[in-house]
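Line order of the protein sequences matches chains A and B.
Position 34 of the first sequence, counted from 1, bears residue number 34 in my numbering, the numbering being contiguous throughout.
Position 108 of the second sequence, counted from 1, bears residue number 1108 in my numbering, the numbering being contiguous throughout.
Among the hints, erroneous ones may be present.
[Stated by the list, open to error] When the alpha-carbon atoms are kept at most 20 Å apart in a straight line, the in silico SDA-like pairs for lysine to any residue are as follows:
# : chain 1 : residue 1 : chain 2 : residue 2
1 : B       : K1400     : B       : R1308
2 : B       : K1561     : A       : M192
3 : B       : K1561     : A       : K3
[Claimed, not checked] Per the computed footprint, the stretches of chain A lying under chain B, defined by three or more beta-carbons under 8 Å from a beta-carbon of chain B, are:
# : segment
4 : 140-147
5 : 170-178
FYI, nobody ran anything at the bench for these hints, they're computed from the structure.
Nothing here was measured: the structure is a model prediction, and the numbers come from that model.
Even glycine gets a Cβ: it sits at the ideal position worked out from N, Cα and C.
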Amino acid sequence: MKKLFSRILQFFKGEKFHRYLKTLRYSLYVILHPFDGFWDLGHEKRGSMAAAHTIVILTLLTHLWDMRFASFMFNNTRWERVNILMVILGILVPLAIWVVANWSLTTLMDGKGKLGDIYMATAYAFTPYVIIGLPMIVVSNLVTFEEGVFYTYFNVFALIWCVFLILAGMMMVHDYGLGKGVFSSLLSLAGMAIIIFILLLFFSLISDAVAYFVSLFKEISFRF
Amino acid sequence: MTKKRITVLFLLMCLLLSTVHTAFASDWYSYTYNFWGEEVESPDAYSVTNVLYGTNWEEVGAFKNPEGIFTVGDSVFICDTGNNRIVELLRKDGTYEFVRVIYSVQVAQDLAEQLTVDGNITLTFNTPTDIYVMPITDEERLEVFGEYTGEMYEVPVTEEPAEDETGDETGEEPAEDGTGDETGEEPAEDETGSSSESEDAAEAEAADGETEDGETADGETGDGEAADGEAGDGESGETVVVPYRENIIGQELDLEYDFYIADCQNNRILHCDYNMNVIGVIQNPEDDTLADNYEFLPCKLVADAAYRVYVQATGINSGLMEFDKTGTFTSYVGANKVQVSIVDKIWRKLQTQAQKDRTVQYVPTEYNNLSLDSKGFIYVTTHTLEDDDIWAGTATPVRKLNSMGSDILVRNGNAYPSGDLVWGTAGGISGASMLIDVIAFANDTYACLDRARGRLFVYDFQGNMLCAFGNYGSVAGCFTFPTGMDNPDEETILVLDRQGSVTEFSMTNYGRMINEALAEYKIGHYDESAEIWQEVLKYNGNNELAYVGIGRALLRNGQYKEAMEYFEVARDEVNYSKAFKHYREQVVEEYIGVAVVALAVLIIVPKLIRGTIKLRKEIREA
């Protein structure tokens, strides 16, 4: 027991954890100096995957906590209709498709970024949502309906900031200019739609095929 | 593992892309809508207590396509439109007694000319669509409208029994019968001038007399006569004397009422006293906005305390027509504004003339019914709105017009009063409710009648839906083609169905409690109101208004925390916010001292500690 405790203590004191904290703290620098920040994120290895995962998890938590704890005046969640898994996937799956679509397109457009770089940049771009969203949950419980515009505006501001950061991130990761960055991002959105369409097509075909074989099996089994 | 992932992904795709619209049919007779706009079962606020048919009374017989119903005091008037008559009933202890069937009016000699339709003095109705009854004393009437009786106009007769009937009917001056006959015949001779014509009339008269007992044949003869008249007009320019039908009187009443009858196909509104003596006629409205060949087809009408008559007429889309007490057209009231969106404007610019002609004209909506509340405001309904606009909440099918004609209906509810919020496609009926009548109660609640699904919606003075009930069908309490309704008292609603039935709804205990709670609230008795709302909750825990009502009382009493809880259940953000504001003040006031001290401590204590440490260090070093 004591050994375990000391081991844990050692981990927190260790180099790895120190680096993790540093990369996590670096997200604060990134959101304020997006172009510098995103450049160094990949090229100078000042960001880490672990920190990126943390930010994504915090984003999910912020979203869920907002649904759960924000004042009902600004919150139309009906918990009897909510499936938390679906809420989580509702963020994670678009994120994954975005990353894949963006990577698929930028490899064709001389993009320098790797799959991991794209993911990391996107994850770091979510930071304002967490930083503004979490305090806003508390604020929502302290304001009246009329004062609620603050809550709404700050949240919208956070989202706009996030979108701007994603754009900046993509520009830096792929070493693009502004025009190409915006263009590739828009193309990625179209790519996401195509991927979703193909997935749906695929699944419906598969289910048809499965249904065909199932009915075939049934026919044969009824014979004998 | 991969399989699981695929299923999850697949489910997510469905979630993202599917826009499955559930066809929602109301499973209950009575329901309301909750905050989320979903149907919620509710106890009956009204229940069917009686269904009346024309055949209930021997003298009346089956109704045919009745269009209008009006109640005043205990009297009920039904416009039996298809039979060209008006049926008067008397409500007594929950039953309905026959009073009379009105087929025709009588008129003084001087006024008779005003009743000319197609060259004939016509005392009978042709498709009467609505009746408005106004309590008025003889003195008042004399003062406002002057003398209108005297020597009565006699119907020109060509047959003995008919003459006898008319003689009995007027019965006032048998000595002057001769003169009456002469004057009556004169215009007829001038206009027709042929003996065959009067024979025709006699035949029609005779036919009428024969069928007087067999009620079902009435409509047919009426129709035949109308067709005859048209044919005569078209072919030879000769006119036919419209057969006169005598009223059937079941019991004599002496009431001080005036009638305004929308005699639609005769293009006139008849204003008469309780004994059917014509006081005035409204016809041929003159205005620059009306086309020269405009045919006045009054459908629904009310008259206000200043004897102004407001008429909803077919083909008029500039609002209601207002007539002064002399029957002169004065103005339109409550005209709709036409709103053309920018997209439509651009689209119009790009269209060719042929395309423009083919696209729908942007016309203001036409009202379909109106009713007067106790304070003189006019409630109107319209159904010529786009479903999309109703869905978006930009169209207003129910309006309350003030004297300026602007809409002052309060719409503070979760949704605009527009009938059903969930439309569905159940029973092949889709789209928005088709509100075709509205009645206002004394406490400013109002009920709307939906023809699409045969439903009634009752709203309070704030526009919150109190209850919805009814359905399409032929069971008691359901309708196939409701045409109108009225309320004889505050707790009863009579709904007229074109099939020829009148359904009487009476308020249940539950409905009465809601009404009382609203009434107590309106006069400022918040605690009493809350107590009643508590009772309502025992009947119906889904009643969001009850939670709001209780919350309001708590708010008034300064129990902010409790009030907030009630408002949160009903999801009333505005009131919750009010309660919260007070609650926040309370908390701040209570803890401001503690907070200041705590803040001071937080700032000072670390400094002190630091100071002491420094001091100690210095001492040690020294």
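Now the hints, each set against the structure:
Between K1400 (chain B) and R1308 (chain B), the direct Cα distance comes to roughly 17 Å. Compliance with the 20 Å bound is thereby established for this hinted pair. As the CA atoms of K1561 (chain B) and M192 (chain A) are separated by approximately 48 Å, the hinted pair breaks the 20 Å bound. Of the supplied pair hints, the one linking K1561 (chain B) and K3 (chain A) is violated, its CA atoms being roughly 51 Å apart against a limit of 20 Å. With 4 residues carrying a beta carbon less than 8 Å from a beta carbon of chain B, the segment 140-147 of chain A meets the three-residue requirement, and the given coverage holds.
Interface restraint, the segment 170-178 of chain A with chain B: violated (0 residues with C-beta to C-beta distance below 8 Å; minimum three).
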